[in-house]
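> The whole structure should be built from the sequences, with the hints applied where relevant.
Throughout, this note's numbering is defined as the position within the sequence shown, counted from one, plus 1.
Hint data in this document are derived by calculation from the structure and do not stem from the laboratory.
For clarity, every value in this text was computed on a predicted model and none was experimentally measured.
Heads up, some of the hints might be wrong.
[Stated by the list, open to error] Derived Cβ-Cβ restraints for the label pairs, each shown as a range:
1) Thr20 x Asn328: 39 to 47 angstroms
2) Tyr18 x Leu303: 51 to 59 angstroms
3) Ala206 x Thr95: 32 to 40 angstroms
Cβ coordinates follow ideal geometry from the N, Cα and C atoms, glycine included.
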Amino acid sequence: LNANSFYRDGKMMNGRYPTNSYGKGKVHTFYDPALKAGVVYKLDGRNLFSVNGMFKTQAPLPYDAYTTPRISDEEIPGLKSEKIMAADVNYVFTYPKFNGRVSGFYTGYQDGVQKISYYNDSYGTFVHHSISGVAKLNYGAEAAFKYNVVKNLNLSFAGSYSKFTYTKNPMGTVRYENGSGDDITEGVAIKGYHVGGSPEIAATAGLQYFWKFWWFEVSVNGVGNNYLDPSYIQRTPSVINSVRKAADLAGYSVAQREAVVGEWLAQTQLDNAITMDISVSKLIYFKGGRQLSINLNAVNVLNNKNVRTGGFEQGRIPLYNDAIDLNNLNKFPAKYYYMQGINMFLNVGYKF
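Structure follows, in structure tokens:
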């Protein structure tokens, strides 16, 4: 059982929230139980099966708990501990030349809270968009193998195939810090969208060679089905209806209008990517048990700088004369983070 408490202590009174911006705010306390259980079955000395399950609740982060933490103590609607249920099934095998593990997993989340904060230069203010009642589902399979090809030469592989999605439409709250925009409370249509931040397909394969206390390793890595988390404001009913209204006023047919809406709602997907790493290590023994270890790692030796590792969809809306600008739907495109080029690391250790 975990207990968490937090509160906000404001140092300045704000005119928009004169009664709940200055001083110590409400204390939020959460009591979160956790229950874990597992069963292991050994078929024989080389084959093992296990099943594990877990249920717990998890307190929200203070960052996500407040609608506008810089200027008020207002908490987001529906603030409560998140419920998490998880289970996994595993098969582990060990043979003289071949060993590995195969797993399947499931994790469900209910009653979560999340928040996106950004500066909107159209309104000249920070905007905070909170969502509550967030439900997500993660499931998939993982596998890892190692095979001894010949003496001192091993082949390894590890990979996962999964799916991370939102399973319902949460309620959203939009707050403009300077009051230049009206506060908004409405649902966010992200059911069925992918949860961003992690590729759903990932794999690495490598060769390892050992010779007279030298280690050589080459690995090839790949990722796919990687998405950016969806922008909340873009998927609110009022904004979606504004896109439809603009298309109707422009004389679009129903098919053309829905094609525009589909383009507007499409989630940003990152390109699949492949990288390569190389590692060389040497261990030198001295008298008296002393030893020197040297390791040289080269990451992304293909020097691929076009790999997009993450980013975010913007929360700004393209407007023209206070209406959706159909000719510039991509006026505020997603922002991306990119992988660095080749990186090399040298580590030297001395044991005495």
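> Among all the numbered hints in the text so far, which are the ones the structure does not match?
3
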